[in-house]
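Whole structure, please, built from the sequences with the hints as guidance.
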Amino acid sequence: MKYLDLDIKTINQKLKNKEIKPIDLVNEAFAKIEVNNLNCFITLNKEEAIKQALKLENQEVDNILFGLPIAIKDNIITKDLRTTAASHILDDFIPVYDATVISKIKEKNMIIIGKTNMDEFAMGSTGETSYFGNTLNPWDKTSVPGGSSSGSASCVAARITPFALGTDTGGSIRQPSSFCGVVGLKPTYGRVSRYGIIAFASSLDQAGPITRNVYENALLLNVISGHDNHDLTSSYEEVKDYTSLIGKDVSSLKIAVPNYYMSEVIDKKVKQAVLEVIEILKKEGCQVDFVDIDYLQYAIPLYQIIALSEASSNLARYDGVRYGLKIDNFNNIDELYKNTRSIGFGNEVKRRIMIGSYILSGENANVYYYKALKLRKIMTDNLKKCFNQYDLIIGPTNTDVAYKLGVKQDDALKSFYDDLLTIPVNMAGLPALSLPIGFKNNLPIGMHIIGNYFQEEIIYQLASFIEKTLNLNLNAKEVK
Amino acid sequence: MISKDKVLHIADLAKLNIEEKEMAKYQIQLTDILTEIDKILKVDINEEEIMISPTNNKNCLSEDIPEMHLSKDNMLKNAKRVKGDYIIVPKVIE
Amino acid sequence: MKPTIGIEVHVELKSNAKVFSLSKNNFNDAVNSNINVIDLGYPGVLPILNKGVIDDALKACLALNFKINRLMHFDRKNYFYPDLPKGYQITQQDTPIGYDGYVEISNKKIYLERMHIEEDTCKSLHTTDTLLNFNRAGVPLLEIVTKPCISSGKEAIEYLEKLRETLLYLGISDVKIEEGSMRCDVNVSVSNTDALGTKVEVKNIGSISNVGVAIDYEIQRQQQLLANDEVIVEQTRRFDDKTKTTVLMRYKETGNDYRYFPEPDIPYVYIDDQWLNEIKNSMPILTDELKSKYTNLGLNTNNIKTIISNKDVCNFLESVIEKVNPNIAANLLTGDILSYLNKNYIKLEESKLTKNNFIKLVELLDKKTISSKQGKEVINILMETGKDVLDIVKENNMEQISDDNLVLDIVTKVINNNPDSIKDFKEGKDRAVKYLMGQIMKDSKGQVNPALANQLLISELNKR
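Residue numbers (the working numbering), protein chains in the order written: chain V, 1 to 480; chain D, 1001 to 1094; chain E, 2001 to 2464.
Simulated from the structure, these hints should not be mistaken for laboratory data. Fair warning: there could be bad hints in the mix.
[Unchecked claim] Derived DSSO-like pairs (lysine-lysine); straight-line CA-CA distance at most 30 Å:
| id | chain 1 | residue 1 | chain 2 | residue 2 |
| --- | --- | --- | --- | --- |
| 1 | V | Lys-55 | V | Lys-16 |
| 2 | V | Lys-374 | D | Lys-1006 |
| 3 | E | Lys-2051 | E | Lys-2067 |
| 4 | V | Lys-408 | D | Lys-1039 |
| 5 | V | Lys-414 | D | Lys-1058 |
| 6 | D | Lys-1021 | V | Lys-371 |
| 7 | E | Lys-2368 | E | Lys-2394 |
| 8 | V | Lys-271 | D | Lys-1058 |
| 9 | E | Lys-2394 | D | Lys-1004 |
| 10 | V | Lys-440 | V | Lys-141 |
| 11 | E | Lys-2280 | D | Lys-1058 |
| 12 | D | Lys-1004 | V | Lys-377 |
| 13 | D | Lys-1039 | V | Lys-268 |
Take a look at the structure:
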């Protein structure tokens, strides 16, 4: 019983042949959860998953994702399945509707195994801000798995489920994917509906697939993409078959490497791994140029202003009135608010709400916020300009590999620096993927591949070429 | 360094309690971040257009036709203090 | 000491659905029945945008002479209050749909600073606890703000009545201040210099006439303070209906730090020429136009005023005005018909009056087939029974004899029977005519057209 280590095409064939049944996969996933003990999950959907798997036995295997287990980040709303955003303030919250992405995966008869652990309200890059304790990195249990989609990345890395959904506001899919040696894509803003994604920063948030390999990532993107009337920012752009260019010749691709992504803050070994890939690409015939893209250097302050301001507003609804944490010690409405929120939110979340409130307060909105929105426009225009000449932008996903648990905990500034290279992508709304390209001290190194708007298939084209060429063994258990 | 009064004002806007023992930490951490974001104030730009969101969508409108809703029980089931069909809060004195 | 007054009006639109969700827009339905996950601000939800609300707002823009922000976005106004589910209200701060408008009142223009679209809060009921009804959460509002250009309570009342009338005729709101579908806050400042005085806001005013009372009270209060060399403090007061005064409201602790920023969940709305033209073409006739039309038709001022202030009566008149004598129609509607409606507390459309019957009645009166006194009787029967006018007239033998020959026959007969009266007439005695007319009416059971009979009688007498 190690079906979940097989590739999806093989599993699909075995399901079709009735060689295995969905329940076998579900049982294997739950068994692996126990063995691995990574704290990947906040809530398991065991009873429902088994029920669904048994029901599927009598149904035709009508698509390639049929009956396959998937893990869902716990800031994605699942009807009748507890959804907490890893926060005490929502720790008994049972949603009454499904997020659009959930409806879409349910239509394909994928089986939700559980809700994955994460940084509280997706605020953090280590998994340590979760109310339910930190998630472990299957490559090294003393290192962080990255965040905020910690459980989703960890659970795919440990081969508990072949698929997971994460969300990415400043790097929350790509950074943990990089730290855990899995493939994670943040789609173009608007490609995937945000309806039912618990909002952190509305103009940056985007849900996306986390998988073991590039092809399976594209398969999941095929399913979750598309326009949604419930999300006015969701795009009308036609959904493509994102696997269509996988395996196709890459020699005509023009690739830019921004000097910002290869600066002295990047770890030498990480940089070396990226340079090696660049050599491979050049040999293949790709044009690879080092370029300057101005204004990327303001990514972190821009992010702090825009993301935290939006967050301070998005998290105002958690007030203990209509849902969420119930407290008893209050004498008036103001105490009800303050006590609920002070007990319900963790330190990182409180700090970010405070900063966001400060930035928007009084005259500050004009001084900081509107200036940031103009700078965001300029940064975006500069990135767009780059895509006039190049098909893709590449570089490392992170400045380094996973670091030890505890080192960045409760540090106001450092946690943002993990997102140095990933934030510009969210600011502009571009699609980007993290792909494992090697190891440093037995910890995976991630490569960042950024595409032009709605051209995820070209990202996958290059990523699959690199994946195939490097042919790394990425099964955390086997490597160790 | 950001003042205690300022921290308290922001905490009140955000509806959070700041205990005295946390005050110093908040002052330092907020100051650190505010120093960081001050970087953008020095950037000279001649851009007037703001970018609210990456979306290019415009005029995403629904027709004025009401839709069915979820049942009332569904809506109230997560509320912690309910009286009859109402959600209740401590009396707000006008 | 010159007072300066500005008024902020909130008007609830009567679209079918709410503005940022498609829940039904009817807060009078069962408590918490017209709500969905968006109205309750559930985690993960996003707003939609109801086109009908923008259409309504555009109509109001055109009627109130606003310039229109063709490219607009929405903003979030952030504050905590139990009636505000998301902790922010979606509104329009940077790009209000309308700006620089005006309303004309007698001899003056009231300048309007802005009008924007926003969502209503939920309705709070204060008992031992505060009870929240979310039916109203997300109901569309227009906020209309004047420039500080109003100088008295009387002017304020005139402006509000004009505004109410306009919005009512647009058909976009019930504009009932007593039911909360129209709400007024006023800003009053009095200054003894050229500079503007300190702004005092008065909230909670429950009727248009009380707006006038509140303003005049507040002007007087502030003038008195200034006269005593006291300082006026910026504050919010509320109107107390019992004492007809304003009283200081308790402060909200955080003041007005609303932390506005553009709403990222709702993309820009661009109003192109085609959209605007569609709205222009769908505009109903408004009161200014109706007033001049009625004046040109010769209706008297009182009738015009009464008709305009009763929109259902006005609508009825408009639907028949091409087919009838407008003066007779206006007299009937504003007279006997309106008093019947008022006496019975019903609306015109709830009564038994039909257009067809009304047109027939006006025709009978216009041709003098029945007398105006008979007209009254017909109306009473008509309103009670809804019977056909011609049947009523027949059943009650009300048809007047207006045929020249028939009347002449009766006149001749009566004169011949009263030779003494001819003598009296020749001698210049007035009573002769009166007597003979009495005989004519008696002979015809009151059915001859009196004017015609009188005319023929005199000419016949002169021939003798």
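Hint-by-hint comparison with the structure:
1. Pair hint V:Lys-55 plus V:Lys-16 holds up; C-alpha atoms about 15 Å apart against a cutoff of 30 Å.
2. The suggested pairing of V:Lys-374 with D:Lys-1006 holds, with an alpha-carbon distance near 27 Å, which does not exceed 30 Å.
3. Under the criterion of a C-alpha separation no larger than 30 Å, the hint pairing E:Lys-2051 with E:Lys-2067 is consistent with the structure, at around 19 Å.
4. Taken as a hint, the V:Lys-408 and D:Lys-1039 pair is honoured in the structure, with Cα atoms around 23 Å apart against an allowance of 30 Å.
5. For the suggested pair V:Lys-414 and D:Lys-1058, the alpha carbons sit about 38 Å apart, so the restraint of at most 30 Å is broken.
6. A C-alpha spacing of about 34 Å is found between D:Lys-1021 and V:Lys-371, which places the hinted pair above 30 Å, so the restraint is violated.
7. Between E:Lys-2368 and E:Lys-2394 the alpha-carbon distance is near 15 Å, which keeps this suggested pair within the 30 Å criterion.
8. Taken as a hint, the V:Lys-271 and D:Lys-1058 pair is broken in the structure, with Cα atoms around 41 Å apart against an allowance of 30 Å.
9. As the CA atoms of E:Lys-2394 and D:Lys-1004 are separated by approximately 91 Å, the hinted pair breaks the 30 Å bound.
10. Between V:Lys-440 and V:Lys-141, the direct Cα distance comes to roughly 16 Å. Compliance with the 30 Å bound is thereby established for this hinted pair.
11. As the CA atoms of E:Lys-2280 and D:Lys-1058 are separated by approximately 22 Å, the hinted pair is consistent with the 30 Å bound.
12. For a cut-off of 30 Å, the pair hint linking D:Lys-1004 to V:Lys-377 is broken: about 35 Å separates their Cα positions.
13. The suggested pairing of D:Lys-1039 with V:Lys-268 holds, with an alpha-carbon distance near 27 Å, which does not exceed 30 Å.
Of the numbered hints given earlier, the model fails hints 5, 6, 8, 9 and 12; all others are met.
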